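Engineer: Sequence:
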Amino acid sequence: MKGARRGGEWNQWPGHWELGEDPGLPGPFSLQMNCWWEEERYPEGIKWKFLEHKGPVFAPPYEPLPENVKFYYDGKVMKLSTKAEEVATFFAKMLDHEYTTKEIFRKNFFKDWRKEMTSEEKSTITSLSKCDFTHMSQYFKAQSEARKQMSKEEKQKIKEENERLLKEYGYCVMDNHKERIANFKIEPPGLFRGRGNHPKMGMLKRRIMPEDIIINCSKDSKIPAPPPGHKWKEVRHDNKVTWLVSWTENIQGSIKYIMLNPSSRIKGEKDWQKYETARRLKKCVDKIRNQYREDWKSKEMKVRQRAVALYFIDKLALRAGNEKEEGETADTVGCCSLRVEHIKLHPELDGQEYVVEFDFLGKDSIRYYNKVPVEKRVFKNLQLFMENKQPEDDLFDRLNTSILNKHLQDLMEGLTAKVFRTYNASITLQQQLKELTNPDDNIPAKILSYNRANRAVAILCNHQRAPPKTFEKSMMNLQSKIDAKKEQLADARRELKSAKADAKVRRDEKSKKSVESKKKAVQRIEEQLMKLEVQATDREENKQIALGTSKLNYLDPRISVAWCKKWGIPIEKIYNKTQREKFAWAIDMAEEDYEF
DNA sequence: CGCTACACTTAGAAGTTTTTAA
DNA sequence: TTAAAAACTTCTAAGTGTAGCG
Numbered sequence: 001m002k003g004a005r006r007g008g009e010w011n012q013w014p015g016h017w018e019l020g021e022d023p024g025l026p027g028p029f030s031l032q033m034n035c036w037w038e039e040e041r042y043p044e045g046i047k048w049k050f051l052e053h054k055g056p057v058f059a060p061p062y063e064p065l066p067e068n069v070k071f072y073y074d075g076k077v078m079k080l081s082t083k084a085e086e087v088a089t090f091f092a093k094m095l096d097h098e099y100t101t102k103e104i105f106r107k108n109f110f111k112d113w114r115k116e117m118t119s120e121e122k123s124t125i126t127s128l129s130k131c132d133f134t135h136m137s138q139y140f141k142a143q144s145e146a147r148k149q150m151s152k153e154e155k156q157k158i159k160e161e162n163e164r165l166l167k168e169y170g171y172c173v174m175d176n177h178k179e180r181i182a183n184f185k186i187e188p189p190g191l192f193r194g195r196g197n198h199p200k201m202g203m204l205k206r207r208i209m210p211e212d213i214i215i216n217c218s219k220d221s222k223i224p225a226p227p228p229g230h231k232w233k234e235v236r237h238d239n240k241v242t243w244l245v246s247w248t249e250n251i252q253g254s255i256k257y258i259m260l261n262p263s264s265r266i267k268g269e270k271d272w273q274k275y276e277t278a279r280r281l282k283k284c285v286d287k288i289r290n291q292y293r294e295d296w297k298s299k300e301m302k303v304r305q306r307a308v309a310l311y312f313i314d315k316l317a318l319r320a321g322n323e324k325e326e327g328e329t330a331d332t333v334g335c336c337s338l339r340v341e342h343i344k345l346h347p348e349l350d351g352q353e354y355v356v357e358f359d360f361l362g363k364d365s366i367r368y369y370n371k372v373p374v375e376k377r378v379f380k381n382l383q384l385f386m387e388n389k390q391p392e393d394d395l396f397d398r399l400n401t402s403i404l405n406k407h408l409q410d411l412m413e414g415l416t417a418k419v420f421r422t423y424n425a426s427i428t429l430q431q432q433l434k435e436l437t438n439p440d441d442n443i444p445a446k447i448l449s450y451n452r453a454n455r456a457v458a459i460l461c462n463h464q465r466a467p468p469k470t471f472e473k474s475m476m477n478l479q480s481k482i483d484a485k486k487e488q489l490a491d492a493r494r495e496l497k498s499a500k501a502d503a504k505v506r507r508d509e510k511s512k513k514s515v516e517s518k519k520k521a522v523q524r525i526e527e528q529l530m531k532l533e534v535q536a537t538d539r540e541e542n543k544q545i546a547l548g549t550s551k552l553n554y555l556d557p558r559i560s561v562a563w564c565k566k567w568g569i570p571i572e573k574i575y576n577k578t579q580r581e582k583f584a585w586a587i588d589m590a591e592e593d594y595e596f
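Using UniProt numbering, you'd call the opening residue of the first sequence number 1 and step up by one each time.
Keep in mind that the hints were calculated from the coordinates and are not lab data.
One or more hints might be untrue.
[What the hints assert, rightly or not] With a straight-line Cα cutoff of 30 angstroms, these simulated DSS-like cross-link-like pairs (lysine-lysine) come out:
hint: 1; residue 1: K159; residue 2: K256
hint: 2; residue 1: K270; residue 2: K577
hint: 3; residue 1: K504; residue 2: K520
hint: 4; residue 1: K200; residue 2: K70
hint: 5; residue 1: K406; residue 2: K302
hint: 6; residue 1: K315; residue 2: K344
hint: 7; residue 1: K83; residue 2: K185
hint: 8; residue 1: K122; residue 2: K76
hint: 9; residue 1: K167; residue 2: K47
hint: 10; residue 1: K297; residue 2: K371
hint: 11; residue 1: K270; residue 2: K47
[What the hints assert, rightly or not] Pairwise CB distance ranges, derived in the manner of DEER restraints:
hint: 12; residue 1: Y369; residue 2: E392; range: 15 to 21 angstroms
hint: 13; residue 1: Q383; residue 2: E103; range: 37 to 43 angstroms
hint: 14; residue 1: I443; residue 2: S221; range: 47 to 53 angstroms
hint: 15; residue 1: E392; residue 2: P66; range: 51 to 57 angstroms
hint: 16; residue 1: G414; residue 2: R236; range: 25 to 31 angstroms
hint: 17; residue 1: E540; residue 2: L384; range: 38 to 44 angstroms
hint: 18; residue 1: G327; residue 2: I443; range: 49 to 55 angstroms
hint: 19; residue 1: P373; residue 2: T134; range: 50 to 56 angstroms
hint: 20; residue 1: Q431; residue 2: K473; range: 34 to 40 angstroms
hint: 21; residue 1: F50; residue 2: E300; range: 50 to 56 angstroms
hint: 22; residue 1: E326; residue 2: K473; range: 41 to 47 angstroms
hint: 23; residue 1: Q431; residue 2: P373; range: 17 to 23 angstroms
These figures come from a predicted structure and were not determined experimentally.
From the three backbone atoms N, C-alpha and C, an ideal C-beta is built for every residue, glycine too.
Generate coordinates for the entire structure from the input sequences, incorporating the hints supplied.
Structural biologist: Right under this line is the structure:
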């Protein structure tokens, strides 16, 4: 029924103009679009000279439920006001999710929901447990089912509408380039879903209005028009920043931005720079390592703590660990914010000396669990840092990220804690590729090696994922496929054997040909079997590990490009279309002898 | 310094589309 | 032709790090 709701009438205000269709530039400029890396760079601080865009796409307005969809309170039908109903639908849509069973989620939701109610509603609805959203929930399930069952034509129509929206709002002109915008749609209202044990889960994320929006573009550009009857909060022309649109979100009070796609010049250049900084670290990392080993002996506690923390950041690729406001976010830590309760010291464990057992929640509340043998000096220092402390006390009480980064800045220009993660990730990939690639392997086996190298990095960086729900089942399916293939191979071999015997007796052309074709069949099946087995290994090893994050954010793409060129692997086997767009600069510049 | 505001990168989950194979 | 699985895209939360202020 209401399939094509995206981008409601709000964005169909009059006075539309085509962006980027005819920027009034001579031909060659469109060619420059995909090779910004050959252009001159801007001086420090200036991000652009010209910026023109059409502003954001707002969330579609709320459409009240049909009359026959009921909400029940205390067993009785209750008609809700539009505002209260909208918020109720947010909860109803999440009814199957574990979130809605959590005490904090329910409490936060109910508190914010009540704020949207009329005074009568408020006095009637006093307990969330008496609310029955099941009918609403069923309605939404039916809706999504109906969406799946839509005819080809209807689906096509929606697709076209999305394409139109993308064409119109999804691009901007920055200097001489037409660039893709990453997130041109404003986040719709809904219930806040934090990660892990977030104290604000379930709170109402309010609807963003044009009056909340700050537009950033150049003075001499066509300023985007707000929807009819509305005004922007502000229009500014700040070319020291890269964002096009910003607004303040109501849960944490933080600022959200609309920025460009990773394929854009402004993102790509920065990404390139990041890897260049990491390569500079490569040149001085030995010196830095010697330095912090010396500092373990310092008579200043502050220096010792700094040196041990840096050792963890370097060896274990831990994040810096900024302080966070208590009670505002989930309780997670990084290196500098580790507490005594997050590590256990084992003078001896499983035959190893001086083992540190880490157990803490990091970014996104992903658990970091690791047992690491460390040098005696580190171990002794940790014992010292933990003396006379409570479990909830800071391990590095004389240290924070600001102190650490200031020190790093002195060791190398542009050096911060996160550069170690980038450096160690990239150097590990390069090393592992060297070690694991077997020149005699075929392409699928080489790709398996690549994935294994990638996996080593993901493990280092602790990039985890929830095992796919269907993992066990799909693994079994694959195994039975392998078994079937094995039988097929045995059959093919038998046939080959008898064909050979036959040819020996008959000695004619026809039977020789038959032997040849049977040989080929055996070979083909062997290859297929091998491919399946490789696939099974790869998948099993990947069960709980996410490769994407490191590939996208930590691995110098030139290493991968060089590896592909060296071994004749098509780049498409390693990077999909989006990734190739993001790394276009690296694909263009890296030769097979590139060294990180 | 220590604080906050701001800008920008990094992150896994959820949703959607494409591919595979029965 | 269908359904399951895989691949890919979108979404937006959650980090890092710097600048500017008192």
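Engineer: So, for every hint listed, does it hold in this structure?
Structural biologist: Quick rundown of the hints versus the structure:
For the suggested pair K159 and K256, the alpha carbons sit about 27 angstroms apart, so the restraint of at most 30 angstroms is met. For the given pair, K270 sits about 20 angstroms from K577 by alpha-carbon distance, which is consistent with the 30 angstroms threshold. Distance check on the hinted pair: K504 and K520 sit about 18 angstroms apart at the alpha-carbon level, within 30 angstroms; holds. At roughly 28 angstroms between alpha-carbon atoms, K200 and K70 fall within 30 angstroms of each other, so this suggested pair holds.
Using a Cα cut-off of 30 angstroms, the hinted pair K406 and K302 holds, with the two alpha carbons roughly 13 angstroms apart. For the hint pairing K315 with K344, the CA-to-CA distance comes to about 18 angstroms; that is within 30 angstroms, so the pair holds. At roughly 22 angstroms between alpha-carbon atoms, K83 and K185 fall within 30 angstroms of each other, so this suggested pair holds. Between K122 and K76 the CA atoms are separated by roughly 16 angstroms; this keeps the pair inside 30 angstroms, and the hint holds.
Proposed proximity of K167 and K47 is supported: the alpha carbons are some 24 angstroms apart, at most 30 angstroms. Under the criterion of a C-alpha separation no larger than 30 angstroms, the hint pairing K297 with K371 is consistent with the structure, at around 24 angstroms. For the hint linking K270 to K47, the alpha-carbon distance of about 11 angstroms falls within 30 angstroms, and the restraint holds. Between Y369 and E392 the Cβ separation comes to about 19 angstroms, which falls inside the hinted range of 15 to 21 angstroms.
For Q383 paired with E103, a C-beta distance near 39 angstroms keeps the hint of 37 to 43 angstroms intact. The hint said 47 to 53 angstroms for the Cβ distance between I443 and S221, and at roughly 48 angstroms that hint holds. As the Cβ distance of E392 to P66 is approximately 53 angstroms, the hint placing it in 51 to 57 angstroms holds. For G414 and R236, the hinted distance range of 25 to 31 angstroms is satisfied, since their beta carbons lie about 29 angstroms from each other.
Taking the beta carbon of each, E540 and L384 are about 43 angstroms apart, inside 38 to 44 angstroms as hinted. For the hinted restraint 49 to 55 angstroms between G327 and I443, the CB-CB distance of approximately 53 angstroms keeps it satisfied. The supplied range of 50 to 56 angstroms is met by P373 and T134, whose beta-carbon atoms lie about 55 angstroms from each other. One distance hint, 34 to 40 angstroms for the beta-carbon pair Q431 and K473, holds here, with the actual separation near 36 angstroms.
Remark: the range hint 50 to 56 angstroms for F50 to E300 is upheld by a beta-carbon distance near 52 angstroms. At about 43 angstroms, the beta-carbon gap between E326 and K473 stays in the expected band of 41 to 47 angstroms. A hinted range of 17 to 23 angstroms for the beta carbons of Q431 and P373 is consistent with their spacing of about 20 angstroms.
Violated hints: none; the structure is consistent with every hint.
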